[in-house]
Amino acid sequence: MSRLSLGKRLVLAAPYLWISAFFIAPMALIFKISLSQPVEARPPYEPLFSLADGPSLWREKLQRLGFETYRALLDDPLYIDSYLSSLTIAAISTLLTLVVAYPFALAIARSPRYLRPLLLGLAMAPFWTSFLIRVYAWIALLKDEGIINHVLMALHVIDAPLGLYATNTAVVIGIVYSYLPFMLLPLYSALEGQDPSLREAAADLGASPAQVFCRVTLPLSRRGVFAGCLLVFIPAVGEFVIPDLLGGSETLMIGRTLWNEFFSNRDWPMSSAVAVLLLALLIVPLLIAERLRLRAEGEA
Amino acid sequence: MTLTPLLAVERASKRFGAVAALDDVSLEVGAGEFFALLGPSGCGKTTLMRLVAGFERADAGRVLLKGADISNEAPHRRPVNMMFQSYALFPHLNVFDNIAFGLRRQRWAREDVKRRVEELLDIVQLESFGARRTDQLSGGQRQRVALARALAPKPVLLLLDEPLGALDRKLREETQFQLKDIQRRLKTSFIIVTHDQDEALALADRIAVMRAGRIEQIGTPIEIYERPANRFVAGFVGATNLVEGCIEATADGAYFVAPFGRLRREGCALGNGGAAVLSLRPEEIKLAQRSVADGIACVVEDAAFRGETTHVRVKLAGDARLLVSCGRGESFAPGDNVSIVVSSDAGAMFAESSR
Chain U
1 MSRLSLGKRL VLAAPYLWIS AFFIAPMALI FKISLSQPVE ARPPYEPLFS LADGPSLWRE
61 KLQRLGFETY RALLDDPLYI DSYLSSLTIA AISTLLTLVV AYPFALAIAR SPRYLRPLLL
121 GLAMAPFWTS FLIRVYAWIA LLKDEGIINH VLMALHVIDA PLGLYATNTA VVIGIVYSYL
181 PFMLLPLYSA LEGQDPSLRE AAADLGASPA QVFCRVTLPL SRRGVFAGCL LVFIPAVGEF
241 VIPDLLGGSE TLMIGRTLWN EFFSNRDWPM SSAVAVLLLA LLIVPLLIAE RLRLRAEGEA
Chain W
301 MTLTPLLAVE RASKRFGAVA ALDDVSLEVG AGEFFALLGP SGCGKTTLMR LVAGFERADA
361 GRVLLKGADI SNEAPHRRPV NMMFQSYALF PHLNVFDNIA FGLRRQRWAR EDVKRRVEEL
421 LDIVQLESFG ARRTDQLSGG QRQRVALARA LAPKPVLLLL DEPLGALDRK LREETQFQLK
481 DIQRRLKTSF IIVTHDQDEA LALADRIAVM RAGRIEQIGT PIEIYERPAN RFVAGFVGAT
541 NLVEGCIEAT ADGAYFVAPF GRLRREGCAL GNGGAAVLSL RPEEIKLAQR SVADGIACVV
601 EDAAFRGETT HVRVKLAGDA RLLVSCGRGE SFAPGDNVSI VVSSDAGAMF AESSR
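These protein sequence lines are chains U and W, in that order.
Just so you know, we're using my numbering here: the first sequence kicks off at 1 and counts up by one.
Just so you know, we're using my numbering here: the second sequence kicks off at 301 and counts up by one.
So here's chain U without its partners, still in its complex pose (with noise of 0.2 Å):
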């Protein structure tokens, strides 16, 4: 590194400060309490360490620790398919977002420029009113006797109600709903500050409106694609107020299995465990995807 003066030092430090103190450090305590043993007992798991013991029984607990914990839960199904269900039902979720929310970004980027704070602040709107009001909301409007049956069947759309509430639907729609505004935000940057020259070039050389579409808008906007699905896939599939509330028995997701673990089977281990392989799930794929992207970018 450079030299640097101290105040530059200071304020490079700390968001790293930060990050340990308030990510790293609680992150080491789960990875921590993962290796330990259950027990019944007020924490419910056998401390690793403890300054009483002495520098000879640390050894020796070193030496006793094992990853029995996290054995166990790759060979329980349970788990498994918890982590499977999990990120199908983000993969889904985020794809779906995607395609809502592009013509919705589209549109406002391309509004004239006066109107855009307001359309924008409008999208953000329901941020106002709570998260869990607003997932609750969902049930009057999915359960069978809700607004969305009640209408389609005085309609004659159908006959019978669909049975959307308490089941992987119900959960993707809640998702995509939530989560729509984290991926409008990143599309609509990135939309934003495109040239509109560009478009006009690519129509002028013979694209169609849908190959402009394709060839141009799409791909220009591809970190905010990038952003926006990282944004809605990360915390989608760790989801747990929006299985629990619209999801049902047949729902799996890692969310609710970690709740479950942690205050039902108060087994303080295997729930950290759980996190801390949610964890490598999410992040190792997601530090491969950036390195990718970097050195694309320091190739071309």
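A few of these clues could be false.
Said to hold, decoys possible - Which residues of chain W face chain U? A partial, calculated answer using Cβ under 8 Å: (1) Ala353; (2) His376; (3) Asn381; (4) Phe384; (5) Ala388; (6) Phe390; (7) His392; (8) Phe401; (9) Gly402; (10) Arg405; (11) Pro453.
To be verified - Pulled from the structure, derived: some chain W residues nowhere near chain U, Cβ distances all over 12 Å: (12) Gly361; (13) Gly367; (14) Leu421; (15) Ser438; (16) Arg472; (17) Asp505; (18) Gly538; (19) Val557; (20) Val641.
Source of the hints: derived by calculation from the structure; they are not laboratory data.
These figures come from a predicted structure and were not determined experimentally.
Glycine included, each C-beta is placed from N, C-alpha and C at the ideal position.
Using the hints provided, position chain W relative to the given structure of chain U.
This is chain W only, laid out in the frame that chain U set:
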């Protein structure tokens, strides 16, 4: 020009709110012609070009290409390509793919695309740049890629919006020659939009001078320069001295009465006593010694050496000042007492109402 011009704009008008960007504009461009739309910013020249490209729809009037009305055709259906002022190169594509963009939209075969792109890279002298990203190019290289991209699909008409505007002066002069050379070789019609009169004079076969949404004059560079239609054209194209005065018709001929003296005029069509403006180019005025006959006395105020010429500003009676261009070998210093001589057919004269 052929009987059916390649491009005809017929009585086109376009308003943006209260502003008339185009006001009843008509023009014709022939096949293989290099045509310039010249005017100050906001005169409607870019709007006229965008109308031809299809990015704007006229409120009234028609655009005909080879006799067919294309007024309502979408831009991607017009066999007209445009080179944008900002170049508008696709940042996510390399040079090759940028140039190939139009060809691929026309579904050219892969080998044909390759051959055509290489041909164009050769024309614009960027043979080894196909794989470069556009942000790795200099301004001049980007300009040539934009030109190659617009030329690739073999348009019948190429529109160039201030194509040299972003280049520095030296590069601009070099590129002017290249552009003219390319146009002559390809025999494609070019319409160039520019606010730079030197560029228009140097490049174009014909020029349309525009002001406030109207065409003031259409003509060859020499016509525009030597016989400007009105005071605006005279002042906008090339350096000139605009002298206000009036006409005095006498038995022995007509005179233009300027604040600094009387100038004999030949073939003056304006009536006696009419207010008029005389446009005198700096090179149409001769500087001579005081003793010369028919000279008007003046004092050299300032002399600016310009290389092949020297621009001399002289002060005349009535506090009038004129810019005079002298050739090499003539030297005048501030304070010299000299005379100006203006031949009776020099310059262009307009009735004052034509301002």
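Minimum beta-carbon distance criterion (8 Å), Phe401(W) to chain U: 5 Å, holds
Non-interface label on Val557(W), tested against every C-beta of chain U at 12 Å: Nearest chain U Cβ is 53 Å from Val557(W), so the label holds.
Hint check, Gly402(W) versus chain U [nearest Cβ-Cβ separation less than 8 Å]: Holds: closest Cβ of chain U sits about 4 Å from Gly402(W), inside 8 Å.
Hint check: 8 Å Cβ-Cβ cutoff, Phe390(W) to chain U: Status holds, d = 6 Å.
Supplied contact hint for Pro453(W), tested at 8 Å Cβ to chain U: 7 Å, holds
Status of the stated non-contact between Ser438(W) and chain U (beta carbon gap over 12 Å): 18 Å, holds
Restraint check, 8 Å cut-off on beta carbons, for Asn381(W) near chain U: 6 Å, holds
Restraint check, 8 Å cut-off on beta carbons, for Ala388(W) near chain U: 4 Å, holds
Non-interface claim for Gly538(W) versus chain U (Cβ beyond 12 Å): Holds, since 32 Å exceeds 12 Å.
Given as non-interface: Gly367(W), partner chain U, CB spacing beyond 12 Å: Per Cβ check, Gly367(W) is outside 12 Å of chain U; nearest 22 Å; holds.
Hint check: 8 Å Cβ-Cβ cutoff, Arg405(W) to chain U: Holds. Min distance 4 Å.
Least C-beta distance between Val641(W) and chain U, which was stated to exceed 12 Å: 52 Å, holds
Consistency note: the structure conflicts with none of the earlier hints.
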